[in-house]
Amino acid sequence: MSRLKIFRWRAIGPLLALFVIAAVLWWLFADTIARHESQQIGTQLLGARVEIEHLHLDIANGKVLVRGLTIASPHEAFKNLLQADELVADLDVVPLTEKKLIINRIAANGLRFGTPRQTDGRVAAKSGEGIAGRVLAETREWASQFQIPVLQLATGKISIDSLDPRRLSTIPAADALGARADSSRRAWQAAFDTLRLGPTLDSASATLERLRHARATDLAALNEARQAIGRLKRARDRLTTLDRGVKIGISQLQAGLASLDSARQRDYSFARSLLKLPSLDAPEIGAALFAPAAIKPFERVLYYAQLARRYMPPGLLPRATTGPSRMRRAGEDVRFPKEHALPAFLVRSAELSFLPQRYAGRLTGLTSDPALYGRPTVFGATGPQLVAGAMLNHVRAIPVDTAGATVGGIALPPFEIPGVPLRLDPGAATAQLGFALNGDTIHARFAIRSTNVRWTRDSGFANSTIGDLIWRTVSGISNLDVEARLSGALHHPDLAVRSNLDQAIASRLRSVLGEQVAAAEQQVRDRVDALINDKVGLVRARVNEVQTQAQAQVAQQRARLDELQQQLERIRLP
Amino acid sequence: MFALIKLIQSLVGALHSEGTPGQLAAGIVLGSFLGLTPLFNLHNAVIFALLVLLNVSFAGGLLGWALFVPAGFLLDPLFDWIGRSLLLAPSLRGLWTSLYNTPIVPLTNFTNTVVLGSLVFALLFAVPLFFVLRWAVARYRVTIGERVRQSKFYRAVTASKVYNVYKLFRP
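These protein sequences, in sequence, are chains A and B.
Yeah, the first sequence ends on 574 if you go by our numbering, and it's all consecutive.
Yeah, the second sequence ends on 745 if you go by our numbering, and it's all consecutive.
So that you can see chain A by itself, here it is in the shape it has in the complex (with noise of 0.2 Å):
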C-alpha cells in the first residue's frame, strides 16, 4: 500500500499561473475596479449616487487621481450636490494594510454646487435604506412636525364647518354643575337637619315663659335661664359653622357658574376653528408664506449633521455601519477604533478650488474616528461674497456641530407661495444661514434678502377678490427680507418666520375682510349660543335657587336664635 502524499506538487504550478493572471488582471483593471467600489460606498455613505469618470491608483507613489466626480442631490431629483472635475489624493500606503485609508492631502480643483442632471440620482429616498436611507428618513419626519398654518387666499370664502354639540365643552360643564348644585341643596338640607335646632329653640322659649313667671329668689328657674343661653349659644355655633360651609358650597357654585363662561368662550374659539378664515395675524402670515421654503434649507443642513454624527460618532466603543453591497446579505461591518491607533478613515487637510476660480476653501481632519484623531473637522470658503464655514466636534461625549456661510448675489430659484397662487423670483439675493446643533439642543437662523424681486400671478387669480388684493397688496414691493429661527430640543424646535410682507399682507387683509370675518365670527356665536343657553340658563336658576333658599334658612335660624337669646338675657338674672 503507497504511502497517500498530502500536497499535489504538480498544481504549485497551475496556482501560481493563476497568481499571475489574478495579479495582471488586477493591474489591468485596478482602476476599474476601484473606481467601482468608490462609486459604491460613496452611494452607499451619501445616499445619492456618485459618479467618477475616471480613476487612477499609483500605489507604489500613494497617489489617487480622480476626474469628473459626481456627486448627486440627495435630496432633489435632477439636481448634483456637487460635481468636482479633478481631484487629486496623497495617501499613506502603509495604513491600507490594515484596511484604513489615510489622505494626507487632497487637491480639488473646479467643484461646483447645485449643477442640473439629467437622471434621478437620488438613492435613499428612494430605497430608504441603509444609514443614509435612515437618517433621511428621520430629517423628513422632523420637518413635517411643523405645523405650517395654511393660508386660504385664494378665493377668500367664509364658510362655516357643521357643529356637533357633543364636542362643545360646556353643556357637560353644565350637568355637572347642576348635579353638583343638587347634591350641595341635600346636603346643606341634611346638615340643617343634624343641628336640631327646633327643639333647641323650643326649649328656650318654653324657659323664657317660665321665667317670665318665676320669682326672682328662684334659682332653679334662673339655672334653667343660664343652661338655656348656654344651649342657644352652642346652637349658633354649629349654625355659625354651617354657614361657613353653605358660603364657601356657594362660593364654589359660583365658581362653577364662572367657569361655565370660561367654557362658552371655549366653544366660541372651538366654532371660530371651524370657520375657513383667512389668516389675519403678521407672524402666522409669514409662516405660511415662508416656512415650507425655510424649513427645507434646515432639514437639509440637519441631514448632513446628523450623518456626520452616525459616521464620525464620538467615543471609542465599536460601531457598526451597514456592510457592503452584495448578492449576498450585506450584514454589517463593525469597527474597534483603539486608542493611539490611526482612524479607519482620515483626510488630514483638503484645499478645494471652486469655479470661477476665485473662490477657494479648506478642509481639516476629516474622520471617521474623531476620539482618536482628536480635533474637530473644520471647512472654510470664502469669496466674493461668500464666506462659510463648518465645525463638526465630536471629539468629546456630547458632540457639537455649527455652521455658518453668507453667500451673496445668488440667483436662488423661484418658488410657489403655498395656498397663493402667486411665484416669487427672489431675483439676485443674500442668504446667510447659522446652524448650531449642540447635543439635542439645536439653534439654527435662515435669512434670504434682496432688492429686486420678481412677482408673478398665476391664472388662477383671476376671479379672486382676495387674490386682487393680495396680489395689488405685494406686486408694488420690490425688497424682501425673510428670517426664519428655529430654537429649542431637536426633536420638537420652536420655529418662527417673518417677512417684510407679513405686516403689509395682514392690515390690508384685515381692513378688507374685518368685517365679514366679525359678522362671521358673530354667527358661529349665536350658533354656539343657541346650543347651549337654555341648559345653562337653567342650570344658573337652580344655582340661584339652592343659594337662596341655603342663605334664607340660616338667616331665618340664626334671627330666631338670637331673638331668644337677647329676651333670655333682658331678664336680670342674678
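Calculated from the structure, these hints are not laboratory results.
These numbers come from a predicted model, not from an experiment.
Some chain B residues judged to face chain A by a derived CB distance under 10 Å, without partners named:
#1 V626
#2 V630
#3 G646
#4 P651
#5 L661
#6 R667
#7 L673
#8 L681
#9 S692
For each residue, glycine too, the CB sits at the ideal point set by N, CA and C.
Mind docking chain B on chain A? Use the hints.
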C-alpha cells in the same frame, strides 16, 4: 442547464474517482467554505489554494461549493446573528480590537457580521461534515457504486469533454 450537468459530472466523477473517501470528503468540506461564506474574501483565496495544493478531491471541492452556495444564501440571517453576537460580545472586544488594528487581518473582512458568522459556522460544521461524508462515500462505493459504474449514464457522463478537464485535477 450546463451548471446542472457540470454538477452531475462533478458528483459522479468525484464519487467514482480513485481518491479515498477521506480525500473526497475533505474536498467537499473545503468547497463548503467557498459556498457558505461570501466568496470574494481573503480567506477564500487561502481555501482555494488549499483545495488546489492539498491532495484532496478538487471535484469534491467544486461539488461542495455548488451544493453549499444555496445553503449560504438561506443561512445568511443566521450567520448575521452569529457574527453580530460574536463581534459585539464585550468579552471578545479586546480580541477584535487587537485583530482590527493588526496589519493584513482587517483585509479578511472578519469585522463583517456575515463573513465572521459564516466562517465560524463553516469551521464548526467542517468536522462533522467530514466524518459524515467520508462514511457516506465509503458506503456508496461498497453498495451501489459498482452498478452505477457499469451503467450507460456513467459512461455518458465520463465520456464528455468536461470530464477530461476534470481529470487533470483528480486526486
